[in-house]
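Q: Sequence order for the protein chains is A and B.
Just so we're on the same page, the working numbering is the position in the first sequence counted from 1, plus 24.
Residue 47 in the working numbering sits at position 48 of the second sequence, with consecutive numbering throughout.
If you're looking for bench data, these hints aren't it; they were derived computationally from the structure.
Check the hints yourself; a few may be wrong.
Said to hold, decoys possible - Below 20 Å or equal to it, Euclidean Cα-Cα: the simulated PhoX-like pairs (lysine-lysine) are:
hint: 1; chain 1: A; residue 1: K87; chain 2: A; residue 2: K27
hint: 2; chain 1: B; residue 1: K63; chain 2: A; residue 2: K41
hint: 3; chain 1: B; residue 1: K13; chain 2: B; residue 2: K54
hint: 4; chain 1: B; residue 1: K65; chain 2: B; residue 2: K13
hint: 5; chain 1: A; residue 1: K41; chain 2: A; residue 2: K87
hint: 6; chain 1: B; residue 1: K13; chain 2: A; residue 2: K124
hint: 7; chain 1: A; residue 1: K27; chain 2: B; residue 2: K54
Said to hold, decoys possible - Covered stretches of chain B (chain A as the covering partner; in silico rule of three or more C-beta atoms under 8 Å from a C-beta of chain A):
hint: 8; region: 12-26
hint: 9; region: 63-74
hint: 10; region: 102-108
As the list claims (entries may be wrong) - If the Cβ cut is set under 8 Å, some of the chain A residues that face chain B in the computed set are:
hint: 11; residue: P64
hint: 12; residue: R66
hint: 13; residue: L86
By construction, the Cβ of each residue, glycine as well, lies at the ideal position given by its N, Cα and C atoms.
Take a look at the letters that make up each chain.
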Amino acid sequence: SQKIEQNSEALNIQEGKTATLTCNYTNYSPAYLQWYRQDPGRGPVFLLLIRENEKEKRKERLKVTFDTTLKQSLFHITASQPADSATYLCALAFSGGYNKLIFGAGTRLAVHP
Amino acid sequence: GAVVSQHPSWVICKSGTSVKIECRSLDFQATTMFWYRQFPKQSLMLMATSNEGSKATYEQGVEKDKFLINHASLTLSTLTVTSAHPEDSSFYICSAQIPGWGEQFFGPGTRLTVL
Chain A
25 SQKIEQNSEA
35 LNIQEGKTAT
45 LTCNYTNYSP
55 AYLQWYRQDP
65 GRGPVFLLLI
75 RENEKEKRKE
85 RLKVTFDTTL
95 KQSLFHITAS
105 QPADSATYLC
115 ALAFSGGYNK
125 LIFGAGTRLA
135 VHP
Chain B
0 GAVVSQHPSW
10 VICKSGTSVK
20 IECRSLDFQA
30 TTMFWYRQFP
40 KQSLMLMATS
50 NEGSKATYEQ
60 GVEKDKFLIN
70 HASLTLSTLT
80 VTSAHPEDSS
90 FYICSAQIPG
100 WGEQFFGPGT
110 RLTVL
């Protein structure tokens with residue numbers, strides 16, 4: 025069956041450390057993968073997109089890797105801050121059609137001062 | 000730029016009534032909009048893909064006669080939950096995609112509570 029798995033338990037880290045979140049998928053062949061941030065009671069906010077032919081993407085303190093062999097993406101937040109506390113969602117997208125997204129359940133990140 | 004609004008932000012209705020939720024792209028034209036539903040601590044589940052001027056494409060298991068979608072213009076899509084029941088209570092979120100862009104821009108969501 026097709027699955028997208030993210031760490032189901034909350035990730036608690038100390039301010040200033042690097043947070044690493046994992047997204048694994050099975051039986052999908054996405055054209056690209058996206059990461060979103062969602063705060064409680066709000067809609068997701070787009071963070072980064074990485075294509076199947078890209079290994080790594082960076083944006084300020086964020087870094088995403090994409091390994092299509094392992095079927096895994098890692099999402100890193102360096103020098104984390106309490107304001108980074110939120111739920112982070114990975115989403116798979118496929119070429120053709122209307123580019124719909126299939127979301128993972130998300131990982132809750134809590135950054136403590 | 001790329002702002003999407005939803006209205007209302009929350010609604011409480013009685014069982015059996017219909018509720019309409021609006022999704023607007025404020026500063027861009029969206030030929031494609033998407034409707035999701037999210038239950039507490041769960042993932043966003045795609046309900047349907049809405050295309051301007053044509054019928055929506057519903058995901059498997061989503062009743063098209065219950066969740067009516069209209070995409071009448073390039074900046075507005077509406078979702079009507081007909082004959083709502085308590086199990087329809089959820090967080091409904093729309094998104095819009097700029098043609099040729101990969102990412103989707105999400106609205107703030109609508110909390111529906113059916114009594």
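Q: Next, verify each hint and record whether it holds.
A: These are the hints, each one checked on the structure:
no.: 1; hint: A:K87 x A:K27; verdict: violated, 23 Å
no.: 2; hint: B:K63 x A:K41; verdict: violated, 47 Å
no.: 3; hint: B:K13 x B:K54; verdict: violated, 28 Å
no.: 4; hint: B:K65 x B:K13; verdict: holds, 16 Å
no.: 5; hint: A:K41 x A:K87; verdict: holds, 14 Å
no.: 6; hint: B:K13 x A:K124; verdict: violated, 32 Å
no.: 7; hint: A:K27 x B:K54; verdict: violated, 28 Å
no.: 8; hint: 12-26; verdict: violated (count 0)
no.: 9; hint: 63-74; verdict: violated (count 0)
no.: 10; hint: 102-108; verdict: holds (count 7)
no.: 11; hint: P64; verdict: violated, 10 Å
no.: 12; hint: R66; verdict: holds, 6 Å
no.: 13; hint: L86; verdict: violated, 14 Å
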